[in-house]
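The hints should help you fit chain B onto chain A, whose structure is shown.
Protein chains: 2
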Amino acid sequence: MIILGIDPGFQFSGFSIIKKENGKIILIEYGFLKMNPAKHLSVRVGEFFNYFEQKITFFNVTDISIETPFLGKNAQNFLKLGYLRGILYLLVNKYNLKIHEFTPRQVKLSITGFGGAGKDQVARVVFQLFPAIKLPNKYDVTDAIAITLCGAWQQKLNTLDFSK
Amino acid sequence: MIILGIDPGFQFSGFSIIKKENGKIILIEYGFLKMNPAKHLSVRVGEFFNYFEQKITFFNVTDISIETPFLGKNAQNFLKLGYLRGILYLLVNKYNLKIHEFTPRQVKLSITGFGGAGKDQVARVVFQLFPAIKLPNKYDVTDAIAITLCGAWQQKLNTLDFSK
Numbered sequence: 002m003i004i005l006g007i008d009p010g011f012q013f014s015g016f017s018i019i020k021k022e023n024g025k026i027i028l029i030e031y032g033f034l035k036m037n038p039a040k041h042l043s044v045r046v047g048e049f050f051n052y053f054e055q056k057i058t059f060f061n062v063t064d065i066s067i068e069t070p071f072l073g074k075n076a077q078n079f080l081k082l083g084y085l086r087g088i089l090y091l092l093v094n095k096y097n098l099k100i101h102e103f104t105p106r107q108v109k110l111s112i113t114g115f116g117g118a119g120k121d122q123v124a125r126v127v128f129q130l131f132p133a134i135k136l137p138n139k140y141d142v143t144d145a146i147a148i149t150l151c152g153a154w155q156q157k158l159n160t161l162d163f164s165k
Numbered sequence: 002m003i004i005l006g007i008d009p010g011f012q013f014s015g016f017s018i019i020k021k022e023n024g025k026i027i028l029i030e031y032g033f034l035k036m037n038p039a040k041h042l043s044v045r046v047g048e049f050f051n052y053f054e055q056k057i058t059f060f061n062v063t064d065i066s067i068e069t070p071f072l073g074k075n076a077q078n079f080l081k082l083g084y085l086r087g088i089l090y091l092l093v094n095k096y097n098l099k100i101h102e103f104t105p106r107q108v109k110l111s112i113t114g115f116g117g118a119g120k121d122q123v124a125r126v127v128f129q130l131f132p133a134i135k136l137p138n139k140y141d142v143t144d145a146i147a148i149t150l151c152g153a154w155q156q157k158l159n160t161l162d163f164s165k
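Chain order of the listed sequences is A and B. Position one of the first sequence corresponds to residue 2 (the numbering used here), numbered consecutively onward. Position one of the second sequence corresponds to residue 2 (the numbering used here), numbered consecutively onward.
Okay, chain A solo, but in the shape it has when bound:
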């Protein structure tokens, strides 16, 4: 099981790739795709597709893990987030992957034990789990690692109590 977790955005998309083997969790890649906001949306959609298609084929990804976004103040930005999710669904179809989706609350609960945790708390747990990570404290990347972990920990997740 090789899971690609992504926190997509038109300017900055954090991601990580985790390999799950005999119950062991290995972080094999992490980073981010930065796109130039001056470029046309269609160009950025194309860049996003190419970048993650390459990651999927290079690392033989089997699963994609993403977070369910919630509608913020700007409905058109929310819609545009859908563009990048559509690209991920297309890649899922093209490479016959599985896709896992978690709410932000599920991700936080699964990582920190508390569904209302802040981004800094999530980041702290991620750095504790993977002390070798060399990263400026970029929440988008630590968030992406948390989302990827959720994909890897699914069985565990299902036994958690989401009622709290």
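No lab work stands behind these hints, which were simulated from the structure alone. Careful, some of the hints might be misleading.
Intra- or inter-copy, both count: the list cannot distinguish identical chains.
[What the hints assert, rightly or not] Computed cross-link-like contacts, SDA-like style, restricted to lysine to any residue with a CA-CA straight-line distance of at most 20 Å:
1. K99 x E48
2. K95 x E48
3. K25 x G117
4. K56 x K99
5. K95 x Y52
6. K95 x G47
7. K135 x L34
8. K40 x N97
9. K40 x T58
10. K99 x E30
11. K20 x T63
12. K56 x M36
13. K120 x P105
Since we're looking at a predicted model, the values are computed, not measured.
This is chain B only, laid out in the frame that chain A set:
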């Protein structure tokens, strides 16, 4: 200029293709893609991509015309509409097309002369413009034809007064 206008949806996507040559408007194709709601979203995203990629290459499409959706009652459905729009943006990038986007009000105003027109009124004008159309009165297809026409009529549109 060969314009593909689409009114996308996960169950039903109306579309039409219009050729503009020496100021003449020729409707060269119209119809719809129906997808099975029982299929996984990723499968439908893939179907949507393949179907319209084929239309683009077969008809040598140069432009895509779409309508700006507005947030309805269901934010998650609105987000999912973004998936299909993302696919269109990817095709725009892949085939170096131009993309034109109109608000529903702009489409109605441009077709009927009244920005608050109903779908039936838009359909009546479309049937008047193209009397040879053989269609059950499917609004999704007449809407798509109206959206395509907007792409073809752009210059005209720009001279209209949208303040009313």
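Results for each hint:
When the C-alpha separation of K99 and E48 is checked against a cutoff of 20 Å, the pair qualifies only between copies, where the shortest distance is 17 Å, while the shortest distance within a copy is 22 Å. Proximity of K95 to E48 under the C-alpha cut-off of 20 Å is found in both arrangements, the shortest distances being 17 Å within a copy and 10 Å between copies. When the C-alpha separation of K25 and G117 is checked against a cutoff of 20 Å, the pair qualifies neither within a copy, at 27 Å, nor between copies, at 60 Å. Taking CA atoms no more than 20 Å apart as the test, K56 paired with K99 passes inside one copy only; the shortest distance there is 15 Å, against 28 Å between copies.
When the C-alpha separation of K95 and Y52 is checked against a cutoff of 20 Å, the pair qualifies both within a copy, at 15 Å, and between copies, at 14 Å. Taking the closest pair of Cα atoms, K95 and G47 come within 20 Å of each other both inside a single copy (15 Å) and across two copies (7 Å). Taking the closest pair of Cα atoms, K135 and L34 come within 20 Å of each other only inside a single copy of the chain (16 Å); across copies the shortest separation is 48 Å, beyond that limit. Taking the closest pair of Cα atoms, K40 and N97 come within 20 Å of each other only across two copies (14 Å); inside a single copy the shortest separation is 30 Å, beyond that limit.
For the homomeric pair K40 and T58, neither the shortest alpha-carbon distance inside one copy (26 Å) nor that between copies (25 Å) is at most 20 Å. With identical chains, the CA atoms of K99 and E30 are at most 20 Å apart within one copy only, with a shortest distance of 19 Å there and 36 Å across copies. Taking identical chains as interchangeable, the C-alpha atoms of K20 and T63 lie at most 20 Å apart only when both belong to the same chain, with a minimum of 10 Å there against 43 Å between chains. In the homo-oligomer, the alpha carbons of K56 and M36 lie at most 20 Å apart inside one protomer (16 Å), although the nearest pairing across protomers, at 30 Å, exceeds that limit.
In the homo-oligomer, the alpha carbons of K120 and P105 lie at most 20 Å apart inside one protomer (10 Å), although the nearest pairing across protomers, at 39 Å, exceeds that limit.
Violated hints, listed in ascending order, are 3 and 9; each of the other numbered hints is respected by the structure.
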